[in-house]
Every structure is written in C-alpha cells, then in structure tokens.
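Enquirer: For chain U, the structure is supplied; the task is to place chain Y on it using the hints.
Protein chains: 2
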Amino acid sequence: MIRVAVDAMGGDRAPEINVDGALLALERFSDLQVILCGPKELLESKLRGRNYDHSRLEIDDAPELVAMDEHPGKIVRTKPNSGVVRSAVLVKQGQADAALSAGNTGAAMAAALFKIGRIAGVERPAIGVPLPIGRKFALLVDAGANADCRPNHLMQFAKMGSIYASQILKVANPKVGLLNIGEEAEKGNELAKETYQLLSSATDLNFIGNIEGRDIPAGTADVIVCDGFVGNIVLKLVEGMWKQFGLILKEQIFTGLGGKFAGLTVKRRIDELKKGLDVSEIGGAALLGVEGVYIISHGSSDAKAIMNAIRVARESVQIGLIEKLKQNITF
Amino acid sequence: MIRVAVDAMGGDRAPEINVDGALLALERFSDLQVILCGPKELLESKLRGRNYDHSRLEIDDAPELVAMDEHPGKIVRTKPNSGVVRSAVLVKQGQADAALSAGNTGAAMAAALFKIGRIAGVERPAIGVPLPIGRKFALLVDAGANADCRPNHLMQFAKMGSIYASQILKVANPKVGLLNIGEEAEKGNELAKETYQLLSSATDLNFIGNIEGRDIPAGTADVIVCDGFVGNIVLKLVEGMWKQFGLILKEQIFTGLGGKFAGLTVKRRIDELKKGLDVSEIGGAALLGVEGVYIISHGSSDAKAIMNAIRVARESVQIGLIEKLKQNITF
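Read top to bottom, the protein sequences are chains U and Y.
Count the first sequence with this note's numbering and you get residues 876 to 1206, in order.
Count the second sequence with this note's numbering and you get residues 876 to 1206, in order.
So here's chain U without its partners, still in its complex pose (with noise of 0.2 angstroms):
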C-alpha cells in the first residue's frame, strides 16, 4: 500500500474537488490508502453516500483552516491542526508516503520544509512545475519558491531538476537550459554569468547552455533553470497565454453563420488539441529537495487534477524519488 495524505482544504472548490479526486484515484490504483486531512465531521458528510472502498480512504481530522492569503510561516506556528501542515506532519512520522495540497503553495512549502525538513546538502528546496509544450512537458524550477538566489542555488535547482525530469517525467539524459537574455556565456544578470559557469563544469548534468523566453515553448530543453522569481513571472504568463488563446479562438472562430458551420468539423480537432494541453493532466508540482514527496497542485485544480497529483505522488513514492534524489546528488 502506497499511502497519500491529501490536505483536503486546499483548493478553490475544497473539500469536493480533493474528496472526488481522492476517490477517482482510489478507484484507479487499487495499491492506494488516502488519508484526507480536514475538518471530520465536514469530510465524512460529503463523503456519505459515496460508493469507495471504506479500507483504504480514512480521515485525519485537522479542523483548522487557513485562507490563501496568510502568511506561510504563521499557519505553521499557529495551525497545527490544518490540512496542510497534518499532511506533512504524516509524512514526516512515517504514517503516509506522501502529501499533497491545493492551496497555499507558500504554506505547502512552508508546512513541507519546517515540518519534513530538506535533504542534506540543499540549502533551498525548490518547486519544480511540469509546463506544457506542445505534446510534452518541460521541468521550470524554480517556478516560485525562491525569489532571491544565488548561482549555488540555481546548480542545485538544476541537478533536482534533472533527476526528477528523468525518474518521473521519464526523459532521458534530460537537457538543462538556463534560462537567459542571450546564448552567449557572458551574456545576462549576474547571477545567470556567475550560474553559466557553475553549470559548465558540473559532469553531471547534460546542460545545454544558456535558453531564452523563445526556446521555453519551443520544448528546447527539459529542464529549464532560473531563480524563482522570474519561474514564477513565467508560469503565469504561460498559463496566461494558452487562456488568451483560448478566449481568441473563442472570438475569433465561432462567430458567424459561417463561422459556426465551420466550427462542427474544426471544434472535434480543438478539442483534441485542448486535451493534449489540458493541465489537470500535468499532475501538479514537486517541492524538490524536501526529504519527502510533497506535491502541490493548482488552486483551480478540478478532481482529475487532484487525481493526477495522487497518481504522481504514488510514483514518486514507487520510484523511491527520495532515495535517487539523496543518492544521486552531488553538490
């Protein structure tokens, strides 16, 4: 049994979307415990009725609750007993495998690193977010963790990074880029000349040189470095583009008579082409570097998402990602 604590309060629509999610998943793998952390009585009221395997889903009453805007290190002083801070609390003892919150990607983080503690030798865990680019996904780490770096950080932002993109996004001899203003080695900030050379004496990594903001949607590397703050700029700004997209086909497509009878035979192919981008599919972010799998996954995140983070927190624990990470990092 593989088991997943799952902060069952983190999200936009929680606790529907973590407790269907949960139970999709168990219905999946049929090697899977899930341990819901929320309010009881709440949980077992929506779980009522549900027709799941009642051995394998139990309840860890955490009744505490946090709001997407406090402060990270505070829910984990003064919120014991919330969802996010009891699922790490489960790993760290040794009564789940692995964690996973919709909410608060600071108080995960937070709740992860205070709680579960880092790997020896990684001075800031990172979260690693599988992008969309085109039919495959890119690692971006840092996307947010770390707004301020310094070049030792972004080598081990790339060496996770590189681990994780081969064992979980099963990409061999992954490519790491640094993402840049220029190919050139003297090219960018100071931080990306001083992270260039770190990057080009280290043996064990397949880097590929310096990327730029064209080459991240062109799937030029697997795994894209940079601090966190400018992971986080792009995320978003990705996450708004495809949007844009969307709203502009939309618009621009299936307007108009004509517009509309075209849109019957065109619609089946956009609707291919969103699948193949569909997010909920990603399965969520990793915090690399914590000495546990913990797996965040997006605020909007609807069950199939809350299912396909599950579905990567089971192979995380599966692969023994913790153990590749310890074994095979050297800093």
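There could be a bad hint or two in this list.
No copy labels: a pair is met if it fits in one copy or bridges any two.
As the list claims (entries may be wrong) - Using 20 angstroms as the maximum straight-line C-alpha spacing, the simulated PhoX-like pairs for lysine-lysine come out as follows: (1) Lys1050 - Lys921; (2) Lys1111 - Lys1062; (3) Lys1045 - Lys1011; (4) Lys1011 - Lys1118; (5) Lys1062 - Lys949; (6) Lys967 - Lys1201; (7) Lys1201 - Lys1068.
Since the hints were made in silico from the structure, they are not lab data.
Expert: Chain Y alone, transformed into the frame defined by chain U:
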C-alpha cells in the same frame, strides 16, 4: 520636413527591407525625409530603377559592416562609419530628427548612448517594447537593456514608460503595473519590494500595484515595469508563444479532408486574427531616456515593419517626445 536616419544594414534581410520600408514610408508621408546610412554603392544599386521622390531620400555613406554578435561598445569605438553609429551621429549633429535600426539591439543602444547621450537625470536608458495584447498594446519596459537594476532605475522606467504610453500609444492616464510574483506589497524579490515602495509614493504615476505573469496577456496594465533580464525573457516568451500558437493552429486545424474544407471558412478569420496581432504593425521599440529619438526594429522585420518604425520615429518627433520626457520627468 521630418528627417529620419535609417541604419540601412540592420536586420536579417538588410539592406533590401530597409530600402523597401523607406520607400513605402516616403510614399505614405509627404513631410518625411529619409537618410539611408550604409554602403553608398550598394544602396544606389538597390535604389536603381525604383520609383520615389529623389528629393526626399539621401544616402549617408557608411561602408563599415557590423555582425549580430559583435560587442556593442566595440562597434561604437571601432566602426564610426557603420550605419548604426552614423544614424546616431546624424541625430546628435542635428542632421536628422530621429534614427532607426533593425540590427543588433545592443549596438543601437550603445550608439545612441555614446553618440547622442542621456536625458539629464536619467540613470539608465531602457528599451520600451509595445507588446501586442489582444487588440491593444502594453508597453514593456525595460525589455532588455539593463540586466541588473536598482529600484530607482525601475522607477525611472515607469515614469518614462508612462509618458511614452500616453504620448505615442495614446493611452490616457496609463496604468502602470510592477511585474511581480504576487499582488501584495510585500511579495517578490528584494528589487521588486523596494521598487513597490518607490512607485507607491510617486505622485506622477497611475500605479496600479503589482501585476503577475498572467496579467500581461490579460491587458491589466498599460505599462509593465521590470528589469531588463525579466523583460527580455517575457518579450521572447510572448513571441515564442504566438509562434507556437500559429504552428498548433496550422497543424491541428488544417489537417484532414474535413479540416481542409472547414479551413476555407475559418482561414479568413484566422487571417483577421493574425492581422490584429501583426508584430510588424507595432512599429518598433523605443530607447527611452536617450536625448534623441532612436527606434529599434525587430531583426526579422519586413518592409512594412520598417515603414511602421519610421512612422513611430516621425510621430515621436512630431509630438516632441524628447521635450515631453524632459519636462514631465521628475526624479
């Protein structure tokens, strides 16, 4: 007459597109005079047999050629007779009212900076690029001139950008957003946090606070302020996403017999859509903070893009952009 000096050898398809663009602009604007800066004989051969008002086009012989990867400072020092340097010198000497290059952006920046000079009080001139956002434009500043910045630099970018947006992009009381990784004042890296405080207390800005990556395509701000490292990544990422979007549309929608049939109807709409997003309509980026009008056009510009860049240069002169910047900037 408004006299615009054009670096005839700038851009991937120089000198042809510069010559063609200049002739288009001469045809469109009867008050325009163009000075093509480049190898005299080559340009004469390209102009031979063409139909244009000879009294409004002259050649400034600039036989030295620069490569895209040459060091900007070195070009200015060692190639005084290159098109990019000559175009700036003509502005400084009052022989031209504005200059334009589609070549090496760094070289244009260096030429403008060293040959024309900065507006008094401006610490770092920046590149302002109008990003296509739906049917309008948002000015991204700095789009790549300054990789490492201090808070005061960003405040100057905000002020110069705001004036440019209102004067050239015709946005009344432009909304200025600080590109960051969260909405709250305390979010972001050290640079963003300190800049937020400066922008909040500026009385001559319509500062709307922090904006995130997803707010860029949503058009939340008219002026997007960030350092040149982040700005250049954003610029190229947006460019790359549009390109990817085009490829996906082409691949997904216009394949198969049904798709081809539907495509006949849909194609017209996509053409309209593309037109709305046409980068060649933007008319180039501006070097903000230089004491003269210098417009930078994309290296992949076509004749229409050059014509539009000349249009923006002409308009900047017409409205007295430099004087307006001098009068309205308080540092």
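Enquirer: If a hint holds in the structure, say so; if it does not, say that too.
Expert: For each hint, the structure was consulted:
1. With identical chains, the CA atoms of Lys1050 and Lys921 are never at most 20 angstroms apart, being 45 angstroms at best within one copy and 45 angstroms at best between copies.
2. For the identical chains of this complex, Lys1111 and Lys1062 are inter-copy neighbours only, at 15 angstroms across copies versus 25 angstroms inside a copy, given an alpha-carbon limit of 20 angstroms.
3. In this homomeric assembly, Lys1045 and Lys1011 come within 20 angstroms of each other (Cα to Cα) only inside a single copy, at 11 angstroms, whereas the closest approach across copies is 41 angstroms.
4. With identical chains, the CA atoms of Lys1011 and Lys1118 are at most 20 angstroms apart both within one copy (18 angstroms) and between copies (17 angstroms).
5. With identical chains, the CA atoms of Lys1062 and Lys949 are at most 20 angstroms apart between copies only, with a shortest distance of 16 angstroms across copies and 40 angstroms within one.
6. With identical chains, the CA atoms of Lys967 and Lys1201 are at most 20 angstroms apart within one copy only, with a shortest distance of 17 angstroms there and 61 angstroms across copies.
7. With identical chains, the CA atoms of Lys1201 and Lys1068 are never at most 20 angstroms apart, being 28 angstroms at best within one copy and 35 angstroms at best between copies.
Figure legend: structure checked against the earlier numbered hints; hints not met, in rising order: 1, 7.
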